[in-house]
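A.B. asks: Note that the sequence shown ends on residue 697 in the numbering used here; no numbers are left out.
Among the hints, erroneous ones may be present.
Said to hold, decoys possible - Quick list of in silico lysine to aspartate or glutamate cross-link-like pairs, EDC-like style, CA-CA up to 16 angstroms: (1) K644 x D572; (2) K667 x E681; (3) K15 x D664; (4) K563 x E681; (5) K463 x D220; (6) K647 x E576; (7) K581 x E648.
Note that these hints are calculated values from the structure, not bench results.
As the structure is a prediction and not an experimental result, all values here were calculated from the model.
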Amino acid sequence: LMERKTHVQINMKQIMLAKLRKSCSCTPRNLKNLVMDFFPVLRWLPKYQCKEYIWGDIMSGLVIGIILVPQAIAYSLLAGLKPIYSLYTSFFANIIYFLMGTSRHVSVGIFSLISLMVGQVVDRELLLAGFDLNDDAPSALGDSSLWNDSQPNTTTFNLTIGGTRVECGKECYAIGIATALTFVAGVYQVLMGIFRLGFVSMYLSESMLDGFATGASLTILTAQVKYLIGIKIPRSQGHGMLVITWINIFQNISHANLCDVITSAICIVVLVLAKELGDRYKHKLKFPLPTELVVIVVATLVSHYGNLNEVYASSVSGAIPTGFIPPKVPRFDLMLRVAVDALPLAIVSFAFTVSLSEMCAKKYAYTIRANQEMFAVGFCNIIPSFFHSFATSAALAKTLVKTSTGCQTQVSGVISATVVLLVLLFLAPLFYSLQKCVLACIIIVSLRGALRKFRDVPVRYHVNKVDTLVWVITMSASALISTEIGLLVGIVFSMLCIIGRTQRPRTALLGQIQNTSFYEDDLEYKNLSSVPKVKIFRFEAPLYYANSNYFLKSLYRLTALDPNLEAARRKKYEKKEKQQLQKGDHTTANGLGMGETTAQLVPKQIDFQAIVVDCSSISFLDTTGVNTLKEILKDYKELNISVLLACCNPSVIDSLKRGGYFGKDFGSMQELLFYSIHNAVQFARDQ
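Could you put together the complete structure from these sequences and hints?
C.D. replies: This is the structure we're talking about:
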C-alpha cells in the first residue's frame with residue numbers, strides 16, 4: 011500500500027497578513043526594490059555591456075526608426091488623425107517602454123490593429139457630433155489650430171457634451187476622443203496590473219488572436235482601397251462596415267483617379283518585390299532594406315515637382331507641423347463616452363504585447379513579468395495621452411526586424427525615438443506633398459503576414475479542427491460585424507469549445523494488450539483481448555456537473571446495461587411472481603416453474619460481474635461528480651456488480667473521501683480503489 015504524506019495545515023490568513031506587512035513596511039530596502047521593480051531599467055542599465063551590446067542596439071534602433079516614420083504617417087489614416095499625432099505616439103511609447111518594460115526585444119509603438127480600433131471610435135464620435143467624415147473636408151480650425159485655438163476667419167462647431175457647451179473643430183474633437191480613449195485604456199491596464207490580472211491573456215488563445223488579427227486586416231485593407239484608387243466615399247461606421255464599404259467602392263469606381271491608380275500600382279509592385287527579395291535573401295543581408303522610406307521619399311519628390319495635387323487632384327498628406335504641441339489633460343466628459351470602447355482596446359493591446367514579450371523571452375532565454383508588462387503598456391497609454399498621442403501596443407513585424415538586426419536591449423528603443431524626434435523637429439514639413447495612396451500601399455503591404463494566414467487554413471485544419479473553427483468564426487465576426495464584436499465572439503466561442511470538449515469527451519471500453527498488464531481502447535487498437543466478466547471504462551475529462559449525465563449515458567451504452575431499467579424490470583417481474591403465488595399458481599408469468607425463477611431474475615445479456623473505471627484522465631471531481639460515482643456504485647451493487655476505481659490522482663481521492671464514497675471510516679477503500687487497472691482487474695477476478 012502507498013501511504014499519503016501528512017501535509018502541514020497552511021494558515022492562509024497568516025500568510026496574507028505576513029505578505030501585506032512585508033509589502034507595506036516602508037523600509038529603505040523595500041522602497042528601493044519597489045522603485046527598481048517599477049522601473050526595470052534601473053536594474054539592467056547599470057549592468058549594460060557597452061562593447062558587446064551597443065552596435066547591435068544602434069543598428070536595430072536606426073532601422074526601426076527608419077521603418078517607424080513612414081508607418082507612423084501611414085497608420086494615421088487608420089486612426090482618422092493627422093500624421094503628427096502618430097509621430098508623437100511612436101516617440102513617447104519607445105521612451106516609456108524603455109523605462110518600464112521587461113522585454114529586451116519587443117518594439118512598442120504604433121500598431122495597425124490598434125490604430126484601426128481607435129479610428130473606428132473616433133469616426134463614430136465625429137458622426138454623432140455632426141462632423142463630416144470626408145477626409146478632404148476642410149478642417150474646422152485649420153492645420154494651424156494645432157497650435158492656436160483662437161485663429162481668425164475659421165468656422166467652429168458649437169457642441170454640447172456632458173451638459174457643457176464647448177467650441178471645437180473636427181481635428182480638435184478627433185484627437186480629444188483619441189486621447190480620452192487612450193487614457194481610459196491605460197487606466198484599465200494599470201488597474202489590471204494592480205489586481206494581478208495578467209493571467210487574463212491566457213484566455214486569449216493563439217487561434218483566436220490569429221483570427222482576430224486576420225479579420226481586422228481585412229477591415230484595414232478595405233478601408234484603404236478608396237485611397238488606392240482615389241475615390242471619395244463616406245467612411246462607413248457600425249456593423250457590416252466591410253460589406254458596405256465594398257458596395258460604395260463598386261458604385262463609385264468609375265470616378266477613380268487615374269494618377270492615384272498608377273501610383274498605387276507602381277508602389278505596391280516595388281514594395282512587394284522588395285519584401286519578397288528581402289525574405290529570400292535575409293540571411294545575406296545585415297539589416298532589412300528600408301523600402302518604405304525610399305518609396306516615400308521618391309513619391310514625395312515626384313508629387314511635389316509634378317504638382318500631382320494641383321494637376322491631377324491627387325489627395326496628399328498636407329501640412330505636418332514641427333515641434334511639440336503643449337500638453338493637455340484628456341477631457342473627462344469624453345472619457346465617459348468611450349469607457350466601454352476602451353476595454354477591448356486595453357485587452358488587445360496588452361495581449362499582443364505580452365504574447366510577443368513571452369515569445370522573445372523564450373527564444374533568447376530570459377524571463378518577463380506579465381504584470382509589469384501590464385504597467386508598462388498602461389503607462390505607454392496614460393502618459394502620452396497628455397501629449398496628444400493615441401493607443402499603442404507591441405508590433406510583431408517591427409519586433410521581428412528588431413531581433414534580426416542585432417537588438418540586445420531597449421536602448422535600441424531610445425535610438426528609434428531619437429530618429430522620430432529628428433523628424434518631429436526638422437523633417438515633418440517635407441512630407442506635405444506625399445500622396446495618401448502611397449501611405450495606403452504601405453499599410454496594405456504590411457498586412458501580408460496576417461493575410462497569408464489564409465494559406466495556413468488547410469494545415470491548421472489537419473492539425474486541429476476545433477482550433478480552425480475558432481479561427482474562422484473569430485475572423486468572420488471581426489471582418490463582417492466589427493472588431494470589438496469579433497473579439498467578444500472569439501473569446502466566448504473559444505470558451506464554449508473548451509466547455510464542449512469537457513461536456514462530451516471521448517469515452518471507451520478498454521481491452522488488455524496481450525501478455526502485458528496494460529490496457530487500451532478496444533476501438534483504436536488491434537489484437538486486444540477482452541477481460542472475462544470485467545468491463546473497463548475510460549472517461550477522458552474531469553467529471554463535473556456539466557458532463558455527469560453524459561458519463562452515465564456513455565457507461566450504460568458501452569456496457570449495454572442500464573442498472574435502473576434492469577432493477578425496474580426485476581421489480582416488475584417479482585411483482586408478477588407474487589401475484590401468481592397468491593393465486594396458488596406455481597408457474598411463473600412466463601410459464602416457468604419456481605425452481606427456474608432465480609435464473610430468470612438474472613438477465614442473460616449481463617456477461618460481467620465488475621466494472622473498472624479508469625480515472626487516469628479525470629483531473630478533478632465536483633460534488634455532482636462524486637454523487638454520480640456514488641450513484642453507480644449503489645445501482646450496480648443491487649445487481650451484484652462491483653464498481654472499482656483505478657488510477658485516481660490525489661485530488662480525486664480527496665474529493666471521494668470528503669464525499670463519503672468509501673464510507674465513514676474509509677473501511678471499504680481497499681476494495682474500491684486501486685493504483686492501476688491491472689490491480690483492479692486481478693481483484694475482480696479473485697472475487
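A.B. asks: With reference to the structure, classify each hint as holding or not holding.
C.D. replies: Hint by hint, here is what the structure shows:
no. : hint        : result
1   : K644 x D572 : holds (13 angstroms)
2   : K667 x E681 : holds (14 angstroms)
3   : K15 x D664  : holds (13 angstroms)
4   : K563 x E681 : violated (25 angstroms)
5   : K463 x D220 : holds (8 angstroms)
6   : K647 x E576 : holds (12 angstroms)
7   : K581 x E648 : holds (12 angstroms)
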